[in-house]
Every structure is written in C-alpha cells, then in structure tokens.
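Please work from the sequences and hints to get the whole structure.
Protein chains: 2
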Amino acid sequence: MAQKPSIPKGTRDFTPIEVAKRNYIFNTIRGAFETFGFQPIETPSFENSETLMGKYGDEGDRLIFKILNSGDYLSKANTEAYNTKDSNKLTSSISEKALRYDLTVPFARYVVQHQNEIEFPFKRYQIQPVWRADRPQKGRFREFYQCDADVVGSDSLWQEVEFIQLYDTVFKALKLEGVTIKINNRKILSGIAEVIGASNKLIDFTVALDKLDKIGEEKVKEEMLSKGISQDGISKLQPLFSLSGSFESQMESLRTILATSKDGLKGIEELAFINLAISELGLTTATLQLDVTLARGLNYYTGAIFEVSAPQEVKIGSIGGGGRYDDLTGIFGMKDMSGVGISFGLDRIYLVLEELNLFPETVNKSVEVLFINFGDKEALFSLKAIKVLREAGINAELYPEAAKMKKQMTHANRRNIPFVVLVGEEEITSSTYTLKDMTLGEQYKVSLQDLISKLK
Amino acid sequence: MAQKPSIPKGTRDFTPIEVAKRNYIFNTIRGAFETFGFQPIETPSFENSETLMGKYGDEGDRLIFKILNSGDYLSKANTEAYNTKDSNKLTSSISEKALRYDLTVPFARYVVQHQNEIEFPFKRYQIQPVWRADRPQKGRFREFYQCDADVVGSDSLWQEVEFIQLYDTVFKALKLEGVTIKINNRKILSGIAEVIGASNKLIDFTVALDKLDKIGEEKVKEEMLSKGISQDGISKLQPLFSLSGSFESQMESLRTILATSKDGLKGIEELAFINLAISELGLTTATLQLDVTLARGLNYYTGAIFEVSAPQEVKIGSIGGGGRYDDLTGIFGMKDMSGVGISFGLDRIYLVLEELNLFPETVNKSVEVLFINFGDKEALFSLKAIKVLREAGINAELYPEAAKMKKQMTHANRRNIPFVVLVGEEEITSSTYTLKDMTLGEQYKVSLQDLISKLK
Chain R
1 MAQKPSIPKG TRDFTPIEVA KRNYIFNTIR GAFETFGFQP IETPSFENSE TLMGKYGDEG
61 DRLIFKILNS GDYLSKANTE AYNTKDSNKL TSSISEKALR YDLTVPFARY VVQHQNEIEF
121 PFKRYQIQPV WRADRPQKGR FREFYQCDAD VVGSDSLWQE VEFIQLYDTV FKALKLEGVT
181 IKINNRKILS GIAEVIGASN KLIDFTVALD KLDKIGEEKV KEEMLSKGIS QDGISKLQPL
241 FSLSGSFESQ MESLRTILAT SKDGLKGIEE LAFINLAISE LGLTTATLQL DVTLARGLNY
301 YTGAIFEVSA PQEVKIGSIG GGGRYDDLTG IFGMKDMSGV GISFGLDRIY LVLEELNLFP
361 ETVNKSVEVL FINFGDKEAL FSLKAIKVLR EAGINAELYP EAAKMKKQMT HANRRNIPFV
421 VLVGEEEITS STYTLKDMTL GEQYKVSLQD LISKLK
Chain C
1 MAQKPSIPKG TRDFTPIEVA KRNYIFNTIR GAFETFGFQP IETPSFENSE TLMGKYGDEG
61 DRLIFKILNS GDYLSKANTE AYNTKDSNKL TSSISEKALR YDLTVPFARY VVQHQNEIEF
121 PFKRYQIQPV WRADRPQKGR FREFYQCDAD VVGSDSLWQE VEFIQLYDTV FKALKLEGVT
181 IKINNRKILS GIAEVIGASN KLIDFTVALD KLDKIGEEKV KEEMLSKGIS QDGISKLQPL
241 FSLSGSFESQ MESLRTILAT SKDGLKGIEE LAFINLAISE LGLTTATLQL DVTLARGLNY
301 YTGAIFEVSA PQEVKIGSIG GGGRYDDLTG IFGMKDMSGV GISFGLDRIY LVLEELNLFP
361 ETVNKSVEVL FINFGDKEAL FSLKAIKVLR EAGINAELYP EAAKMKKQMT HANRRNIPFV
421 VLVGEEEITS STYTLKDMTL GEQYKVSLQD LISKLK
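Chains as they are written, first to last, in the working numbering: chain R, 1 to 456; chain C, 1 to 456.
One or more of the hints may lead you astray.
In this list, chains with the same sequence are indistinguishable; a pair is considered to hold if it fits within one copy or across any two.
[What the hints assert, rightly or not] Each computed EDC-like pair below joins lysine to aspartate or glutamate, with the alpha-carbon atoms no more than 20 Å apart:
id : residue 1 : residue 2
1  : K236      : E218
2  : K365      : E117
3  : K85       : E96
4  : K211      : D291
If you're looking for bench data, these hints aren't it; they were derived computationally from the structure.
Here you go:
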C-alpha cells in the first residue's frame with residue numbers, strides 16, 4: 001500500500017536551511033517589534049466561521065478554507081441546499097469552523113473578547129500562518145506567514161512616525177539597503193475626489209490612479225472618463241500627474257490642488273507632521289516617499305497608507321504595507337477603537353535577501369563539530385567531551401555507528417560541519433583530542449579546554 | 001451586525017504573558033535540540049488526506065480535521081454516499097485535505113519525498129501545532145503544539161543514550177528537578193509474553209500490565225485471565241509484580257524470568273548498554289528508571305520505549321515520551337529506515353512550571369521604559385533618546401498622546417513597566433532625562449549615557 005508522497009499544491013515543506021533562513025527574518029522582525037514595545041499574542045488557527053465570513057468581501061469568503069464538521073455532519077445539513085446540491089448554500093450547515101485568512105480580523109476579535117484584560121493603547125504583534133484557497137503561482141502560496149504589528153486605542157500620529165522607524169530598523173538589521181517606504185493618506189484621496197467632483201466615485205477614481213505607473217497618464221485618464229468622471233474634473237488633476245521632486249515640494253503642489261477641500265488639507269497636515277518628525281529623527285537605510293497614487297485596501301484605511309518597495313534592482317512587488325483604520329473592532333460591536341498597523345511580507349523579503357545574497361553565512365551553521373566513532377569505548381569517551389562542549393553552548397554530536405572512517409568524514413563534509421574530532425586509543429590514554437579543521441585540512445592534538453576555546 | 005466574539009471549543013487565545021512563557025519553554029527545547037545536532041524542518045499545516053488517513057487507526061481517522069474542497073465541491077460528491085446521506089463515505093469525495101494530526105507521519109512523508117536531498121542519519125526536530133477533533137477537557141485541546149526530535153537511518157543504541165541526555169538537558173535548563181525518565185523495551189514485553197505462552201496476546205497482556213500502578217496486582221491478574229492468558233502463565237509472572245530495587249537488580253530478575261527467550265534477552269542487553277552508558281555519563285536532574293509495565297504506542301515501537309513523569313509533587317500525567325520504531329517510512333514505500341525519537345508535552349510542562357513557580361521573573365519583562373508624553377516638542381526630543389536606547393537593545397516606548405500625567409503613570413503601572421522617563425522644558429534645555437524607578441519610587445536626573453547604562 002505504498003503511496004507516492006506529495007503535499008497539497010500551494011503548500012511547502014521547509015528544509016533545515018530554509019527554516020534557518022526564515023527564522024533569521026522572523027527573529028529580526030520579532031526583535032524590532034519588541035524593542036518598539038509591541039507584545040506578542042497568538043490566536044487559534046481556526047475561528048468560528050461567522051467570525052471570518054463576510055469580513056473580506058465575496059472573493060475573500062470564497063478563498064477561506066472551511067473545516068468539515070466532525071461525526072455525522074450530514075445529519076444537520078440544510079435540507080433545501082442538500083436537495084438542490086447547492087454547494088455554496090450547504091457549506092454553513094456542514095462546516096462551523098474556518099482557517100484564519102489574515103491576522104487583522106482575529107486580532108479585532110481578540111481585542112473585543114479580551115477588552116477587560118487589555119490595557120489600552122494596546123501594542124500587539126502577531127507572527128502566524130494564514131491560509132487562502134488562492135490559485136497558487138510564483139511567490140503566492142496557500143499557506144504563508146504574516147508578521148503584523150498594530151496599535152489600537154490611540155489616534156496619535158506618533159504611531160505612524162514609530163511605524164516608519166520600525167520599518168527602517170528592521171531593514172537596517174537585515175542589511176537591506178535602498179528600501180522605499182511610500183506613504184499616502186486616505187484623506188488626500190478623498191480630497192482629490194471631492195475637488196474634481198467625484199466623491200461618489202472615490203473607488204473608481206483611486207483604482208484608475210493606482211495604475212499610473214503601469215499604464216501611463218493617457219490610459220488612466222481614459223479609464224476615469226469611462227467610469228463617468230468628468231473631463232473638467234480630470235483637467236483639474238493635471239498637476240497631480242506631474243507631481244515630482246521632494247516630499248515638501250509635492251506637498252506644496254497638493255496644497256494648491258486641495259485648497260478647497262477640508263478633508264484634503266487635513267490629510268496634508270497629517271503627512272506634514274509625520275514627514276517633519278521623520279526628518280528630525282532620521283532614517284538609516286530606508287527612504288520615505290510621498291505617493292499620491294497609493295491606495296491599497298482603500299475601503300479599510302481611513303488615514304495614513306503605507307507600502308514598502310524592495311530596492312529597485314530587485315523586481316518584486318511590495319514587501320510590506322499597512323495604514324490607519326478608524327474602526328477596527330466595530331464589526332464585533334466595539335466602537336471608536338482607532339487602529340494603525342503594518343505588516344511584513346516574509347516570503348518576498350526572503351526572496352529579496354536570497355537574490356541580493358544578504359543572508360549571513362552563519363545562518364547555515366548547524367553542527368560545529370562531529371566526533372568520529374571508532375567503537376563503543378571511544379564513543380563513550382567522546383560523549384563525555386561532547387557533554388562538556390554542549391554545556392558550553394557548542395552544537396556537537398557523535399557519529400552514531402563505528403562506520404568506516406571515510407563514510408563518517410563524507411557525512412561531515414556533506415553536512416558542512418566545519419570541525420571533526422578523532423578519538424582513538426592514544427587520545428583516550430593521553431586525554432587529548434585530535435581536532436581536524438575541515439576547511440583548512442589541518443589537524444591538531446588538543447586538550448578538552450583547548451577544544452572548547454577553539455570551537456567557541 | 002455586531003457579533004459576540006468567541007473562539008471554537010478546544011482552542012485558545014494566548015495573551016502576551018502566555019506567549020512569553022510558552023516561548024521560554026519552546027526556546028529552551030529548541031536550544032537543546034540544536035546543541036545535540038538536530039536540525040529543524042517544517043511541514044504544511046494540511047496534508048493530502050491519503051497521507052494521513054489510515055495511519056492512526058479508526059479512532060484517529062475520526063479525529064482528523066478534514067478541509068472542505070473549495071468551489072462547487074458537491075459536483076464531485078460520491079453519488080451513492082450522497083443519496084444515502086452517508087457522512088463517513090461522502091467525506092473523501094468532498095474533502096481532499098486534512099489538518100496535521102501529529103508530526104511523525106508528516107515527518108515520514110517528508111523523509112520519503114526528500115530522500116535524495118537528505119544526508120542520513122538524519123537528525124530532525126520539529127515544533128509545530130497539530131489538530132485533533134478530540135473532546136476537549138482539562139489539559140486536552142483541539143489545537144496544541146508538539147515538540148519532536150527524531151533520528152532516522154541509524155539503529156545505533158547511542159541514539160537512545162543521547163535522547164536520555166537530551167531530556168535531562170532540557171529539564172535542567174528549565175530548572176525542573178525530580179523528573180523520572182522511565183524506560184522499557186518492546187523486546188522485553190514480547191519476551192515475557194513468549195515465556196508465559198501468550199505471544200499472540202501481546203497487546204491484551206501489555207494493556208493489562210500497564211494498569212498495574214492504577215488497579216493493583218490482583219485486578220491485573222483477573223484481567224489477564226479474562227483475556228485468555230493461562231493461570232500457569234500468570235504464575236510465571238509473579239517475580240514481575242514484585243520487581244523493585246535498582247535498575248541493575250531489576251535487570252537481574254528479568255534475566256531469570258526471560259532466560260529462555262532470545263528476544264527478551266536481546267531487550268535486556270539493549271537496556272543494559274543504555275544504562276551503563278548513562279551511569280558513566282551521569283544525569284544532572286533526571287533519574288532513569290526501568291519500568292517493565294511501560295507499553296505506550298506498542299504497535300508502533302520495536303525497541304526502546306520512553307516516558308517522562310513530572311516530579312511526584314505535581315499530579316499530572318507524562319510530560320514526554322518516545323521510542324524506537326524500525327519501520328518509520330514503510331507506509332510510504334521506503335523500507336528499512338530505523339527511527340528513534342522523543343517528544344515534549346508543551347502544555348503539561350507549562351502547567352508543571354506554573355505550579356512549581358519555575359518561570360523566570362524576567363519572562364514577564366516586556367517594555368523596560370516608558371517616556372511620558374508632555375506634548376509634541378517633548379515627544380520628539382524623547383523619541384530621539386528612545387531611538388538610541390532601542391539601538392542599545394533596550395525595549396522602550398513613548399506614551400502616544402500628551403494625556404494627563406496620572407493616566408500615563410497608571411498605564412506604566414498596569415503594564416509592569418519598571419522605569420519611566422520624564423522630559424519637560426527643563427530637561428530639553430539641559431539635555432537631561434528624569435528617570436523614575438517605578439518599584440522604588442525614586443527618581444534621578446541623568447544624561448543619555450547614564451540612562452543607557454542604568455537600563456541595560
């Protein structure tokens with residue numbers, strides 16, 4: 001009954017070196033989250049379906065993985081749906097639980113459920129996998145990690161300032177230079193829509209504007225026209241298409257365009273505050289850039305919108321994003337909790353570090369020393385030394401059988417173990433160890449104390 | 001549309017302090033795994049159903065969480081099962097994936113699938129959640145972590161020796177004294193069954209024997225009789241019921257009982273090897289104990305069987321276990337891969353450390369210093385200092401708004417933040433910081449350099 005083993009499409013096994021590289025990124029992000037005062041929480045992998053359904057739009061609902069009820073689940077099946085074989089309608093009667101689709105909705109649920117234990121403002125981070133029944137493609141998986149940090153219970157703009165610094169801190173720690181943190185503000189977008197008389201077409205407008213980089217000015221204008229935005233309105237946008245120069249000079253142009261919009265001016269004021277603070281505090285590796293076309297998750301964000309681009313030489317989408325949402329917990333009945341947060345795209349950051357060769361060499365280091373096994377007596381003598389080495393924090397092991405020397409040396413080579421220790425009759429008698437440096441090919445006879453210093 | 005938020009039964013949210021405590025245990029175990037030369041792998045949360053189904057017995061099959069296919073899943077439903085509303089039979093036609101039930105079967109699948117990349121013997125560890133549709137009860141959850149270390153591709157008994165040392169190392173690092181590592185050998189159990197003429201009743205025999213502690217000698221004998229084991233056979237067992245004394249003296253009694261069983265003597269020889277090595281190497285906190293009644297997972301183990309008991313003062317079941325299985329990967333068509341491994345029970349270890357008050361005090365430490373916010377100018381000055389503190393590895397944050405002083409101090413207290421910094425007009429002018437020790441109530445005026453040294 002042997003089966004040819006495989007895993008579901010869109011999922012991945014991670015080998016030791018891949019786990020080590022992923023943990024290097026996770027640990028860097030986690031470390032930064034903690035120095036910035038964020039605290040970890042974890043939520044269950046599956047939630048009650050009603051917690052998730054209806055929170056991500058129709059497309060989201062379709063992409064949520066549902067878990068079949070246990071036991072005789074058909075006994076509670078919706079009769080009408082069953083008789084008409086309506087999959088969509090039947091689901092809620094045979095499935096009560098669903099896999100987490102993102103970390104934001106479970107976080108909102110957590111905040112509401114634990115509101116009496118939480119001390120607000122609450123700065124939480126969460127690094128956990130999510131699942132989406134998306135069509136798998138290059139860089140898109142059905143199981144992937146999200147790394148989120150959010151603050152709820154404060155509408156202070158200092159949080160936005162902190163998040164920009166947090167991004168900078170993480171990318172500096174990862175030695176990733178040339179990252180651009182793009183920022184926009186929902187209020188600027190609604191201000192523009194207001195000014196051109198398209199407030200009721202805000203989404204159409206921003207969807208079109210968002211394509212400026214890809215399809216160019218003319219095509220964007222055509223799309224806006226086709227969506228019913230007036231030629232007159234579009235003309236007023238002209239300065240927008242040629243926005244360039246420094247953060248400050250772009251802000252100046254925007255101030256002119258938005259002079260008549262209260263909302264728009266508020267957005268500019270917020271951006272100016274953030275920009276001023278950041279220029280006072282300074283960024284180490286990243287650059288802050290105003291991008292008026294930035295509109296991601298528009299229905300959701302109410303203030304700042306962030307998106308992080310990888311260095312230009314790497315052709316990859318955004319490696320992070322976030323923003324402010326004024327009503328995170330309203331869906332669960334808790335009003336007026338302003339939240340702001342950012343996310344890191346683990347898989348894409350991994351690809352970027354790989355492409356730029358930025359993983360530290362030591363990430364691959366697993367075992368530092370392998371003791372060759374010449375027989376039970378030698379093995380026991382070796383294990384006594386190995387015990388001491390491990391207590392000193394050195395990753396050490398004994399080859400498990402007294403196999404041929406060549407086989408054991410090959411094993412050490414294949415595993416990139418940098419040192420090998422040989423213990424025979426002579427070494428036991430003299431309480432010494434023959435240490436072989438696998439890179440240089442040299443070998444020395446050393447005491448246990450020297451062995452520790454050499455390997456540390 | 002507000003919903004009263006809740007989570008599925010048998011699942012848990014983890015608050016920051018709980019995450020910190022769990023990570024303390026995870027990191028301790030992970031650190032020990034790595035110093036012993038184990039390498040991490042990760043496998044997907046869900047596997048193809050055929051990978052898991054049929055591997056854990058009928059009960060296991062029922063307890064596996066199945067994931068409903070996406071889209072119009074009923075279009076491929078098994079017609080007969082659908083028409084007869086047979087839940088059990090329908091499942092495989094509407095669900096192709098299932099959540100991981102343990103880490104061993106996915107590991108076996110991984111080894112077979114990646115056999116050409118793996119350098120054997122392969123020492124892997126894996127710390128990931130598993131899911132079981134079990135009835136939730138105290139200490140039993142539907143989502144919980146397993147922490148496994150296994151070696152495949154070596155039948156050397158040095159591995160068993162290493163695993164006992166590994167247990168000792170972890171419990172020493174956790175400062176958990178009084179742990180007992182119980183060991184048995186499947187060959188001893190089959191030897192005993194052979195000697196009393198009940199080889200074909202090995203399972204009945206061991207199930208009964210396993211209850212010795214709980215129901216006593218007489219009841220165990222009754223159960224054996226009722227299962228068809230002869231009176232004569234049971235009499236031969238008499239010395240077994242009174243086995244006591246040291247490891248060595250118990251082994252002597254066993255040698256007499258098992259004198260005629262080749263298998264049994266082999267088991268004794270293996271145990272003697274392990275016991276001798278361990279007494280040479282020494283254990284720091286744990287005690288190794290022979291327990292002939294130990295039979296866990298019998299159908300699975302072929303050699304050593306381990307089980308770890310918490311210190312006697314804590315009334316809780318086993319906190320770990322494992323053993324050797326000679327055919328780990330046979331189910332996936334790869335023969336003759338001997339494996340041996342152990343597991344740590346995270347949730348129970350957590351309860352034990354909690355009960356014995358063994359979590360280090362620092363585990364709770366999140367933010368070391370909160371800067372009180374007196375307004376934008378002071379906040380900016382503070383953030384410049386905070387940036388320097390963070391670069392020095394100190395977890396620091398700014399209260400996000402210029403709220404009333406009392407509110408900000410209360411916030412620091414509620415979050416157990418040990419230090420607060422006050423920056424006003426005077427401090428800005430003199431480039432100093434007023435540091436308040438929240439425990440002692442004292443405060444000092446210090447330079448930035450002093451602030452760093454004080455907080456480090």
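Structure-based check of each hint:
1. K236 x E218: Classified as within: same-chain Cα gap 15 Å, cross-chain 96 Å, threshold 20 Å.
2. K365 x E117: between (42 Å within a copy, 18 Å between copies)
3. K85 x E96: So K85 and E96 pass the 20 Å test inside a copy (19 Å) and across (19 Å) alike.
4. K211 x D291: Answer is within: at 12 Å inside a copy they meet the 20 Å cutoff, but 71 Å across does not.
When held up to the earlier numbered hints, the structure conflicts with none and fits them all.
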